[in-house]
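Q: Next come the chains, spelled out residue by residue.
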Amino acid sequence: MGSRTTFMQSLGILAVLSAVYLLLVFIVPNQYYQLMLTLVAIWAVMGISWNVLSGYSGLVSFGHAAFFGLGAYTVALGLLHFNLSPWIGLPLAGLVGAVAGIIVGLPTFRLRGHYFALAMLAYPLALLYVFEWLGYQEVALPMNRENPAAYMQFSDGRIYSVIALVLLVIAVLVSRWIETTRFGMALLAIKQNELAAEAAGIETRKWKLRAIAISGAIAGAIGGFYAVILIVVTPASVFSMLTSAQALIVALFGGIGTVWGPVIGAAILIPLSETLHAELGNILPGIQGVVFGTAIVLVILLAPEGIFWKIRDLITRSDRDGRSGEAPVATALVDAGELLERPEAMAGKTVLEVKGLSKSFGGLKAVQDVSFKVPEGAVIGIIGPNGAGKTTLFNMLNGFHTPSSGEVIFEGENLVGLQPSGVCKRGIGRTFQVARPFARLSVLDNVLVGAYVRADDDATALRHAREALALVGMEKDAERTAGGLPSKEQRLMELARALAGKPKILLLDEILAGLGSSEINEVIVVLRKLTESGITILIIEHTMQAMLRLADHFIVLDHGALLGEGKPRNIMRDPKVIEAYLGRRWRERA
Amino acid sequence: MSDGLILLENFLQALAAGLMVGCLYGLMCTGLGMIFGIMRVINFAQGDLMMLGMYAAWYLFTGFGILAFLGPYVGPVAAAIVAGPLLFIVGYFLHQFLISRVTGVSVAASDNQGHYAQLILTLGIALILQNGGLILFGSEPVSIRTPMSSSAWEIGPMVGEWVSVFLNKARLVGAIVSVLVALGLYVFVNRTRLGKALRASADNVEAAQYMGINVDRAHRIAFGLGTAITAIAGGLVATYYPFQPYVGIEFVIVMYAGVVLGGLGSIVGAFWGGMTIGLVQQLSTLVLPIQLQNTAIFAVFLLVVFFRPQGLFGKSVERV
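Those sequence lines, one after another, are chains A and B. Numbering-wise (our numbering), the first sequence opens with residue 1 and increments by one. Numbering-wise (our numbering), the second sequence opens with residue 1 and increments by one.
These are computed hints drawn from the structure, not numbers from a lab. Careful, some of the hints might be misleading.
Here are the computed distance ranges between Cβ atoms for each label pair [said to hold, decoys possible]:
hint, chain 1, residue 1, chain 2, residue 2, range
1, A, Trp133, B, Leu12, 23 to 29 Å
2, A, Leu298, B, Leu70, 38 to 44 Å
3, B, Gly4, A, Ser360, 46 to 52 Å
Chain A side only, calculated, beta carbon under 7 Å to chain B, not exhaustive [said to hold, decoys possible]:
hint, residue
4, Val60
5, Tyr115
6, Ala117
7, Tyr136
8, Ala140
9, Met241
10, Leu284
11, Gly293
12, Ile300
13, Leu301
14, Glu413
15, Pro486
Each residue gets a CB set at the ideal place from its N, CA and C atoms; glycine is no exception.
Turn these sequences into a full structure, and let the hints guide you.
A: What follows is the structure, encoded as structure tokens:
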């Protein structure tokens with residue numbers, strides 16, 4: 001996606017690969033090699049299935065055998081009990097896989113990291129025992145002698161290879177479609193930082209469910225085809241750990257998060273392990289597993305993201321070296337030191353009203369009964385010592401936390417109970433204390449992730465993203481890779497990502513943290529420009545000098561409660577506030 | 001004998017089996033708990049390392065018969081215990097040469113990447129061990145057969161001449177040894193200097209480093225120790241359970257279920273977690289067909305991760 005290869009270009013690559021594959025199918029000397037080619041395609045498809053969920057979204061699945069096995073049994077049992085032709089059985093297996101994906105996904109997506117991976121491991125193993133218990137230890141697909149072709153039975157192995165190729169092409173196109181649309185963007189954002197994605201308006205749960213449904217469908221269909229090829233289905237051959245592992249390994253070996261990864265991985269590993277199995281299988285029965293295991297160990301140690309990315313990084317490195325001599329971005333030497341005086345700023349109509357908001361975690365009252373109003377176009381500074389509940393307040397405003405009590409009224413609607421993506425859709429954007437760039441993507445793509453929430457099509461989203469970059473003065477950095485940006489640019493890029501969703505209110509959580517004083521000035525200049533354009537801003541900041549230059553109004557929190565609010569100048573003189581937060585030094589200065 | 005008494009006898013029999021198997025599972029889980037708890041590394045190869053432990057015990061007692069002179073009662077137990085140090089060496093070097101590349105201080109900066117790499121690396125090691133085991137040991141199931149495997153002590157009859165509970169000797173001896181080993185580990189971790197260093201490294205890597213603890217070495221030892229403990233449990237299981245090189249996958253789920261149930265990071269919790277899994281597995285046979293007893297474990301495991309990811313016994317809450 002980073003390279004922005006268009007869909008048409010990948011069609012070209014696909015056509016060439018298909019031609020080579022067909023050529024191989026028709027020149028290889030015997031059935032054995034045809035079967036191997038078929039298996040390459042099958043495992044490439046299975047790898048793509050794994051990649052659609054785990055490669056793109058980062059949720060590692062050790063349980064893809066569940067979908068594969070259900071597909072295989074759908075075709076086998078359909079043919080055995082209902083005389084259902086695999087031509088119908090394959091799409092049906094895909095459907096079964098998709099449904100299984102959703103059923104698995106609904107509860108399992110509540111888990112993250114280790115727990116998700118472990119839970120996924122349990123599904124195929126549980127199914128394995130269930131199918132054994134049901135008495136399906138060995139299901140043979142019955143031969144049909146009158147009309148074999150109608151039952152996907154051919155004596156010429158090349159036809160199977162061609163069918164496998166067709167399935168592979170479909171899988172590549174689906175996967176490529178995901179990569180190049182907002183679907184892929186959403187999954188990638190989830191992979192990088194699920195909370196940030198949700199806050200940028202991406203309905204993470206919905207996209208994850210779609211991904212696992214598509215992934216399950218692909219795995220189910222190819223599992224069904226595998227049953228046709230093997231003729232005999234056993235629980236151990238389709239639900240085993242090795243099936244899940246093989247899907248993961250071809251994808252990871254070739255390159256994670258790109259459609260070509262599984263294809264490369266399968267093209268190298270399957271022939272290698274099959275050949276070893278054929279040559280040495282009698283003396284070394286587990287040689288396939290050893291090859292896969294070794295492959296995966298080596299990849300993790302030497303090229304953790306797979307061959308595709310390793311080679312791509314090697315190619316682009318020379319490119320990057322050429323660009324490193326670039327002139328430093330001209331520092332804006334605008335004087336941002338003046339105190340802000342915008343007497344009319346607090347006179348606008350109320351756009352956001354917080355009423356009696358509280359949040360406790362167990363016995364800890366993080367925020368207690370906080371109420372305030374935010375007028376349109378104002379800049380509200382939220383200050384208070386560490387642990388005062390500032391970020392918790394933000395987390396309630398944008399939907400990360402559900403308040404224990406209280407209301408958040410935005411344009412007449414109570415936002416309490418909405419998902420973060422829903423809050424974002426209504427026009428509240430935010431940035432985070434810790435900047436989280438999507439490192440491999442370009443700056444423009446990073447911002448684009450935030451643009452989809454208010455754009456109906458890709459073109460509008462792209463326009464919004466460019467406008468947002470212009471607002472923060474980063475148009476010329478659009479094509480740079482986000483991972484290499486200095487921290488100020490990362491902050492501005494995050495700001496642009498929030499702006500791309502066209503928010504009415506921006507929540508900025510310590511956007512100046514970790515910046516030097518000249519960089520702070522530059523960001524302040526950008527923020528002031530934003531306020532002039534009419535955006536309402538709530539900002540948490542520890543740098544008091546900067547706050548005084550930005551905010552029209554201060555809200556002071558201490559121990560989760562509202563300690564006071566008012567004009568920054570007055571707040572700075574309020575002895576209560578000084579004592580609670582600012583300390584003696586500030587009192588002396590005041 | 002009335003239906004009620006049959007039911008009672010079946011229940012008591014399943015309960016006794018559950019408690020005995022539970023002790024063995026508890027020990028296995030304690031081994032994994034050391035690794036998961038101290039290093040936060042998901043080790044998929046734990047079941048396969050256990051498989052190595054089972055074969056080590058088998059070769060010591062049956063295959064090469066080095067320990068056969070100890071007789072059919074002491075010999076198998078001694079073989080299981082000796083498998084511990086052997087697998088300690090395996091675990092120690094496995095960590096030094098492979099696992100340490102994707103754990104510890106070196107990957108701390110790359111937030112999620114570390115976990116991801118660990119999962120996959122240990123999966124690769126698991127595949128190599130399973131299939132390498134197939135090459136080395138063959139696919140024929142073996143077990144450490146002794147007179148104990150097929151004899152039992154009878155408790156009862158408890159009601160008149162009815163209701164007897166039979167305790168398989170191999171299982172009971174295994175259970176007792178498991179409890180002793182687990183107690184020994186507990187004392188080691190809580191009372192000795194090295195044990196304290198291990199716990200400190202688990203608590204806070206940086207602080208431990210400042211206190212002069214060699215965290216890398218502590219991790220290697222913890223990994224070796226965790227491997228050794230699980231291997232001993234495996235050696236004990238081998239006295240009543242036939243196994244082959246793929247046996248690890250059956251137990252890896254048992255172990256993770258137990259560790260998660262016990263609460264991550266709690267070694268004592270891991271033992272109780274394993275015990276619970278043993279009870280669930282055996283008691284489920286009262287209501288479920290025997291083929292589905294492992295499915296019952298998966299069901300319990302899934303329920304626990306969904307509803308109490310901090311574990312039933314654990315206090316440390318960590319949701320990634």
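Q: So, for every hint listed, does it hold in this structure?
A: Consistency of the hints with the structure:
At about 26 Å, the beta-carbon gap between Trp133/A and Leu12/B stays in the expected band of 23 to 29 Å. Judged by the Cβ atoms, the range 38 to 44 Å given for Leu298/A and Leu70/B holds: they are separated by roughly 43 Å. Distance hint for Gly4/B and Ser360/A: a CB-CB separation of about 51 Å, consistent with the stated range 46 to 52 Å. Evaluation of the Val60/A hint against chain B yields a held restraint, the C-beta minimum of about 6 Å falling below 7 Å.
The restraint placing Tyr115/A at the interface with chain B holds, with a minimum CB-CB distance near 5 Å, inside the 7 Å limit. Taking 7 Å as the C-beta cut-off, the interface hint given for Ala117/A holds, the closest approach to chain B being about 6 Å. The beta carbon of Tyr136/A is not positioned within 7 Å of any beta carbon in chain B (closest approach about 12 Å), and the interface hint is therefore violated. A cut of 7 Å between beta carbons decides the hint on Ala140/A: the least distance to chain B is about 21 Å, and the hint is violated.
With a cut of 7 Å, the hint placing Met241/A at the interface with chain B holds, because the nearest CB-to-CB distance is about 5 Å. Evaluation of the Leu284/A hint against chain B yields a held restraint, the C-beta minimum of about 5 Å falling below 7 Å. Hint status for Gly293/A relative to chain B: holds, with the closest Cβ pair at about 3 Å, below 7 Å. Hint status for Ile300/A: holds, given a least beta-carbon distance of 5 Å to chain B, under 7 Å.
Of the supplied interface hints, the one on Leu301/A holds, with its beta-carbon coming within about 6 Å of a beta-carbon of chain B, less than 7 Å. Hint status for Glu413/A: violated, given a least beta-carbon distance of 31 Å to chain B, over 7 Å. The closest approach between the C-beta of Pro486/A and any C-beta of chain B is roughly 17 Å, which is over the 7 Å cut-off, so the hint fails.
Against the hints set out earlier in the document, violations occur for numbers 7, 8, 14, 15.
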